[in-house]
Amino acid sequence: MDPNPITDLDKFVNRLRVQYRTLSLEFRVTDVSVIAGSYYIFVVIYCKYYLISAFYLQGALMLPKAFVDAFGSQLGDFATFIDPNNNQFDVMVERICGVVFLTTGFNAIRDFYNVRLGGTIVMVFTGNGQFGINILDRAGRVVNPPFFIPPMKFEIQKTIVPAFVYQGVPVTTEILSFHHDDMNFQISWEKLLTGYDVSSGFLV
Amino acid sequence: MLIYKGLCDVTIGKKTTSLILLDDCGNMWNCITIFGSRPHHHIKLGGGWKRMVDARRLEEGVLVKVGFRHAGKNDTIYIEVKRPSVV
Numbered sequence: 039m040d041p042n043p044i045t046d047l048d049k050f051v052n053r054l055r056v057q058y059r060t061l062s063l064e065f066r067v068t069d070v071s072v073i074a075g076s077y078y079i080f081v082v083i084y085c086k087y088y089l090i091s092a093f094y095l096q097g098a099l100m101l102p103k104a105f106v107d108a109f110g111s112q113l114g115d116f117a118t119f120i121d122p123n124n125n126q127f128d129v130m131v132e133r134i135c136g137v138v139f140l141t142t143g144f145n146a147i148r149d150f151y152n153v154r155l156g157g158t159i160v161m162v163f164t165g166n167g168q169f170g171i172n173i174l175d176r177a178g179r180v181v182n183p184p185f186f187i188p189p190m191k192f193e194i195q196k197t198i199v200p201a202f203v204y205q206g207v208p209v210t211t212e213i214l215s216f217h218h219d220d221m222n223f224q225i226s227w228e229k230l231l232t233g234y235d236v237s238s239g240f241l242v
Numbered sequence: 006m007l008i009y010k011g012l013c014d015v016t017i018g019k020k021t022t023s024l025i026l027l028d029d030c031g032n033m034w035n036c037i038t039i040f041g042s043r044p045h046h047h048i049k050l051g052g053g054w055k056r057m058v059d060a061r062r063l064e065e066g067v068l069v070k071v072g073f074r075h076a077g078k079n080d081t082i083y084i085e086v087k088r089p090s091v092v
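As you go down the protein sequences, you meet chains X and B in turn.
Using my numbering, the letters of the first sequence correspond one by one to residues 39 to 242.
Using my numbering, the letters of the second sequence correspond one by one to residues 6 to 92.
Take these hints with a grain of salt, some might be off.
[What the hints assert, rightly or not] Pairs of lysine-lysine, DSS-like flavour, derived with a Cα cap of 30 angstroms:
id, chain 1, residue 1, chain 2, residue 2
1, B, Lys70, X, Lys103
2, X, Lys229, B, Lys49
3, B, Lys70, X, Lys196
4, X, Lys229, X, Lys103
5, B, Lys70, B, Lys49
6, B, Lys19, B, Lys70
7, B, Lys70, B, Lys20
8, B, Lys49, X, Lys103
9, X, Lys196, B, Lys19
10, X, Lys49, X, Lys103
11, B, Lys55, X, Lys103
12, B, Lys20, X, Lys196
13, B, Lys20, B, Lys49
14, B, Lys70, X, Lys229
15, X, Lys196, X, Lys103
16, B, Lys78, B, Lys20
17, B, Lys55, X, Lys191
18, B, Lys49, B, Lys78
19, X, Lys196, B, Lys87
20, X, Lys103, B, Lys20
21, B, Lys49, B, Lys87
22, X, Lys196, B, Lys55
23, X, Lys191, B, Lys87
These are calculated hints, taken from the structure and not from any lab test.
Here chain B stands alone, though its shape is the one from the complex (with noise of 0.2 angstroms):
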């Protein structure tokens, strides 16, 4: 959950609209984001988003982490997928 009190409000904010998602390929995909309030305010991240889950096949359990670089607005938001090392 991007959750908006403590980490969206201080880096994307409510009226953002788009982001690109720069994976740890250096692949960029260009995302959208909504603003939700229920349950309790939220920011939901769409569009390449979902084309990356399948272009990385990512499965439910993988951890990745999400990342800004700075506090203010961004227009970037980083992404690292930390699965167990395959051979």
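If we strip away everything but chain X, and leave its shape as in the complex, we get (with noise of 0.2 angstroms):
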């Protein structure tokens, strides 16, 4: 499909294209219930001319194959997903045995959205590995997004590789979300927040 269209003509053909290669995946949540106290939300993804629904766990999302195999190519090792008041997530996009995951970065949609279970993730690929997010709740409604000024960046460190070796496709995509390091608590020690640690702006 041409991105930028230019002529009336290949403005018609790709609104055809949308309109008419449409379709729809599930994904088996068997192994969610297993794990008590996780959360999960159920994610949609309008491509330009695909509807995928796929499923998130714990922080990692698997892209379906229908969507790698057409839009795979567009995606870096880096995806930024874009919400309606321009508050950005940058997600690691990991491959693994030819399956695409998003990885780190894609957990802090939870807090941000306060989402809970039966929750709804619209993502709208519109290239250069870019997504328009959208959260729905349980019922299908929109969650107004959190309006900061300027909007939020979630920024991840890019320089890290994951030490973790895989042998071939992890089974659940828990363990592909992001988990501290235990040496980076080697030296550590813990606080309640206080009313003034969260109001001042600083962690006194």
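Since each chain sits alone in its own frame, please combine them into the complex, following the hints.
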């Protein structure tokens, strides 16, 4: 599909393709219920001409194969999610045995929109590794995205390579989501946040 | 309180002015640190901290675990938010 149609004919052809090349996929959801206390939301990906629903668990997402076949070459090592209020999320793209996962950074969506069980994320692939996103709650209503000036930008460390060696495609996406290394807490302590920490802008 | 004695003096020191804060979603936030001496020596963490509190919806009473990777000069502070698991 031509991303920048110029002539009327090109625009017309593009519109027809959007209209008629829509498909829907479902993913198995069996391995969810055994993980107590975990959350999941359903993911719907409207690409330019694909409607795909996938399954999201514990901060990582497997992109459906139909999507990868069509757009995998346009995805780099990182993807960016942009919501209607211009908040941005950087997400790492990992390829394991030909399967594409969105991993580090995807987890941030949960707290930011306060999505719970049964929520839906609608992702529109707009090319250049960017997705426009919208969050729906369980009843299918659009969650108003939080408004920040300047818009919130979730950055991830782009130099880090996952140390885990995969043997075949992982069964659950949970192990692909970001986890702290135990080494990160060699010297550590715990703190209960007070009202001052939250409101003043300083961790004291 | 980032208590200076015993914690911050071995990990960041007085002269550090900025830190990268890495939370448990893998996001990083650029923070500033301010050394204070009253009522006792301590270090305040500002800048990106406020952004993170807003973005992650942290509230009063949430338990956070703060860590450093090693003794000596660190440029990254790690934070893990521990909340009761909510479905």
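Quick rundown of the hints versus the structure:
1. B:Lys70 with X:Lys103: violated (38 angstroms)
2. X:Lys229 with B:Lys49: Since the Cα atoms of lysine 229 of chain X and lysine 49 of chain B sit roughly 14 angstroms apart, the hinted pair holds (cutoff 30 angstroms).
3. B:Lys70 with X:Lys196: Holds. Lysine 70 of chain B to lysine 196 of chain X sits at ~24 angstroms (cutoff 30 angstroms).
4. X:Lys229 with X:Lys103: violated (44 angstroms)
5. B:Lys70 with B:Lys49: This hinted pair holds, its Cα atoms lying about 16 angstroms apart.
6. B:Lys19 with B:Lys70: holds (22 angstroms)
7. B:Lys70 with B:Lys20: holds (23 angstroms)
8. B:Lys49 with X:Lys103: Between lysine 49 of chain B and lysine 103 of chain X the Cα gap is close to 48 angstroms, so the pair fails against 30 angstroms, i.e. violated.
9. X:Lys196 with B:Lys19: Holds. Lysine 196 of chain X to lysine 19 of chain B sits at ~29 angstroms (cutoff 30 angstroms).
10. X:Lys49 with X:Lys103: holds (27 angstroms)
11. B:Lys55 with X:Lys103: violated (39 angstroms)
12. B:Lys20 with X:Lys196: holds (27 angstroms)
13. B:Lys20 with B:Lys49: holds (13 angstroms)
14. B:Lys70 with X:Lys229: Within the cut-off at roughly 6 angstroms; holds.
15. X:Lys196 with X:Lys103: holds (25 angstroms)
16. B:Lys78 with B:Lys20: Holds: lysine 78 of chain B and lysine 20 of chain B sit about 10 angstroms apart, inside 30 angstroms.
17. B:Lys55 with X:Lys191: holds (13 angstroms)
18. B:Lys49 with B:Lys78: holds (17 angstroms)
19. X:Lys196 with B:Lys87: The hint holds at about 25 angstroms.
20. X:Lys103 with B:Lys20: violated (51 angstroms)
21. B:Lys49 with B:Lys87: With a Cα-Cα distance of about 21 angstroms, the restraint between lysine 49 of chain B and lysine 87 of chain B holds, given a limit of 30 angstroms.
22. X:Lys196 with B:Lys55: Satisfied, since the Cα-Cα distance of roughly 23 angstroms is no more than 30 angstroms.
23. X:Lys191 with B:Lys87: holds (23 angstroms)
Checked against the numbered hints above, the structure violates hints 1, 4, 8, 11 and 20; every other hint is satisfied.
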